[in-house]
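Engineer: Residue numbers (the working numbering), protein chains in the order written: chain A, 1 to 111; chain B, 1 to 581.
Just so you know, the hints here were simulated from the structure itself, not pulled from any lab data.
As the structure is a prediction and not an experimental result, all values here were calculated from the model.
Fair warning: there could be bad hints in the mix.
[Claimed, not checked] Here are a few chain A residues that face chain B, going by a calculated C-beta distance under 8 angstroms:
(1) Thr49
(2) Leu51
(3) Glu70
(4) Pro78
(5) Gly93
(6) Asp94
[As the list claims (entries may be wrong)] Pairwise CB distance ranges, derived in the manner of DEER restraints:
(7) A:Ile68 / B:Ser347: 29 to 39 angstroms
(8) A:Asp56 / B:Leu63: 43 to 53 angstroms
(9) A:Pro34 / B:Asn153: 35 to 45 angstroms
(10) A:Lys44 / B:Arg190: 38 to 48 angstroms
(11) B:Arg348 / A:Glu72: 24 to 34 angstroms
[What the hints assert, rightly or not] Taking beta-carbon pairs under 7 angstroms as the criterion, some of the chain B residues facing chain A (in silico):
(12) Lys77
(13) Arg107
(14) Glu112
(15) Glu114
(16) Tyr119
(17) Gly123
(18) Leu124
(19) His130
(20) Ile468
(21) Ile469
(22) Glu562
Note that the Cβ used here is the ideal one computed from N, Cα and C, for glycine as well.
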Amino acid sequence: MTEKDQSSLSEGNYLNKQEHHVYQLRLFVTGASPNSSRAITNLKDICETHLKGNYDLEIVDVYQQPLIVEREQIIALPMLIKKAPGIERRLIGDMSNTSKVLKGLGLQTEN
Amino acid sequence: MTKSHKKQQPANIKSLPKTPTGITGLDEITDGGLPQGRPTLICGEAGSGKTLMSLEFIVRGALVFNEPGVFMAFEEKTDELALNVASLGFNLYELQDEKKVKLDHVRIDRSEIEETGEYDLEGLFIRLGHAIDSIGAKRVVLDTIENLFSGLNDQAILRAELRRLFAFLKNKGVTAIITGEKGEGGALTRQGLEEYVSDCVILLDHRVINQISTRRLRVVKYRGSQHGTNEYPFLIDQDGISVLPVTSLGLEKAVSSKRVSSGIPALDYMLGGQGFFEGSSILVSGTAGTGKTSIGAYFAAETCKQKKKCLYFAFEESPNQIIRNMKSISIDLQPYVNSGLLKFHASRPTLYGLEMHLVAIYKLIKQFKPDTIILDPITNLITVGSVSEVKSMLVRLIDFLQNEQITVMFTALSLNTVVNEQTDEGVSSLVDTWMLVRDIEHNGERNRGLYIMKSRGMKHSNQVREFIITDKGLDLVDVYLGPEGVLTGSAREAQQLKERTGVALRDFAVSRKDKEITRKRTMLEAKISNLQAEFESVEEELNRIYYEDELKQQIMDKNRDEITKMRRGIKEESPIIKKQK
């Protein structure tokens, strides 16, 4: 597992290479619950700041599609799945901890 | 028990509605099953059977009670689960296709998940809610929900969500089982799940004592219902889980006054001429090699001869060994085995613990429904338990058998003749008939004596009989009470021989005397005839003299007449004289 983390980090270091990849993000939310609303706002902020024009965000309301929950192995919500680039990462919570979100997306730099 | 009840009288608040589990014995302990519409916690150590028990709850519900169920696995994958219960003959895939069961594997991998702030477990709720609604589930299992704690960090959120989850389950009206791993120290679960599930808690245990492991189950708490509080052993075998509610509550069982023959006519004769009571318990105890197994085999053969079923539990010898050995006393058990009247169940006592033996016996009896069972010997069980444990096991067994009206014969080995009258695993006070086969050592040889120590409710002989095993079979003979005391074996034979000799001698003497008498009689008779002859000759002699005298007289008279006539000269009278001559 640590190897994977390292590989994603090392990918993060090669920013040039990453820029060619479009970030594919899916955010699963539960209607308009407070957590969900916050998560959408926070994630949009982060994406606009760090991945401007280089991301593809899909927001899924699991109440509308309950079957997706089982298929995607979702337990905790809201949850963000980063499908690409690199390996799949899952982030849960309202995305208020920006540094953790960036780390999870592989965008965290040295400073 | 209360399901149909409840439907008829929904307002009845007296009894808590229950959901039967369908697991053998568990519903008896819980007096009908798990609390309906409420969560139940099953906790225990790793490998104690939590998953299997909860899965059986779901499968039995689907198969027997037509209640669909959701199994949410946090540990094992659905394929693994299906494989695990395939050995029990449950086809989970088929049940899933028929929409009777829904399996869902929840995977949580901490390394894949980053927590970035506030979250909830709404995903789990949606999943569970959808699964329940899709098949109309009445039963839910969450196995093991504590895994959430290893996958997610925020304890405060988890606990709040768990509380919400149980409320959600109650709201849904499903009967749920939550499994939990046993915690450190006295805690029932690692994460204190018992705080949330307060209606019914069942503890599973898997203990190893003297290298023998026994699974046990205990209902720690059951709100609003009476339940058995003891630890009950349970068994996992090819039919799933069987729990044994081992003690019945009272002594209210039916009794039979019918009699069954022991197969040994002489023994029946000792027991008031008719044998044992049907449904009674018989103990045959004795030292090694006194023929206990033979008595057991005789009884088994007799039962089968009456076209009744017999179940023979052998803890010492293998069935083939018993069959072979019994042929030497002219009992052939093989035909009965072939016709299905006789069934052997041989197991090493050390195979599993005492309780397990009891469960195994119980199960077999339920399956085979015998009229007679034989346990040979119960003393071997002591290798896996203490005397008191064996006793308590036998108490429960006898109890159960009497309820089922099954005649049981135990054999018990006593190690030496001095103590055997007091021990015998303490069952002697429980059994109805107690026979003791004992060595009588005398005259440099060992013989068997059979006593009936007691036999409740019937007239029985107080005599010691000699118990003989020959190649023709078993028999009892009266021991010989000679001038030197009780005689058995060759001493008895010798005494009998001596008596027979005496008889022969006496016969001979009598016949000699008879002959002598005859001889004497002939002798005397000869003498008598001699005397008679002598008498006759004397008589003749006497007669002759008398006759001669008379003749002389006549002649003299005639002569005188002649002379007279001649003197007178009368010639005409001569023809008269001629006539007289």
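Engineer: Confirm or reject each hint.
Structural biologist: So, going through the hints one by one against the coordinates:
1. Thr49: violated, 15 angstroms
2. Leu51: violated, 16 angstroms
3. Glu70: holds, 6 angstroms
4. Pro78: OK, holds: proline 78 of chain A within 8 angstroms of chain B, min 6 angstroms.
5. Gly93: holds, 4 angstroms
6. Asp94: With a closest approach of 4 angstroms, the aspartate 94 of chain A hint holds.
7. A:Ile68 / B:Ser347: 29 to 39 angstroms: violated, 53 angstroms
8. A:Asp56 / B:Leu63: 43 to 53 angstroms: holds, 48 angstroms
9. A:Pro34 / B:Asn153: 35 to 45 angstroms: Given range 35 to 45 angstroms: violated, Cβ gap about 20 angstroms.
10. A:Lys44 / B:Arg190: 38 to 48 angstroms: Between lysine 44 of chain A and arginine 190 of chain B, where Cβ atoms are some 39 angstroms apart, the hint holds.
11. B:Arg348 / A:Glu72: 24 to 34 angstroms: violated, 53 angstroms
12. Lys77: Violated, about 12 angstroms.
13. Arg107: holds, 5 angstroms
14. Glu112: It holds, given that the least Cβ distance between glutamate 112 of chain B and chain A is near 5 angstroms, below 7 angstroms.
15. Glu114: Since chain A brings a Cβ to about 4 angstroms from glutamate 114 of chain B, closer than 7 angstroms, the hint holds.
16. Tyr119: Result: holds, 4 angstroms to nearest chain A Cβ.
17. Gly123: holds, 4 angstroms
18. Leu124: Constraint on leucine 124 of chain B satisfied, holds at 5 angstroms.
19. His130: Holds: closest Cβ of chain A sits about 4 angstroms from histidine 130 of chain B, inside 7 angstroms.
20. Ile468: With a closest approach of 77 angstroms, the isoleucine 468 of chain B hint is violated.
21. Ile469: Constraint on isoleucine 469 of chain B not satisfied, violated at 72 angstroms.
22. Glu562: Interface hint status for glutamate 562 of chain B: violated (179 angstroms vs cutoff 7 angstroms).
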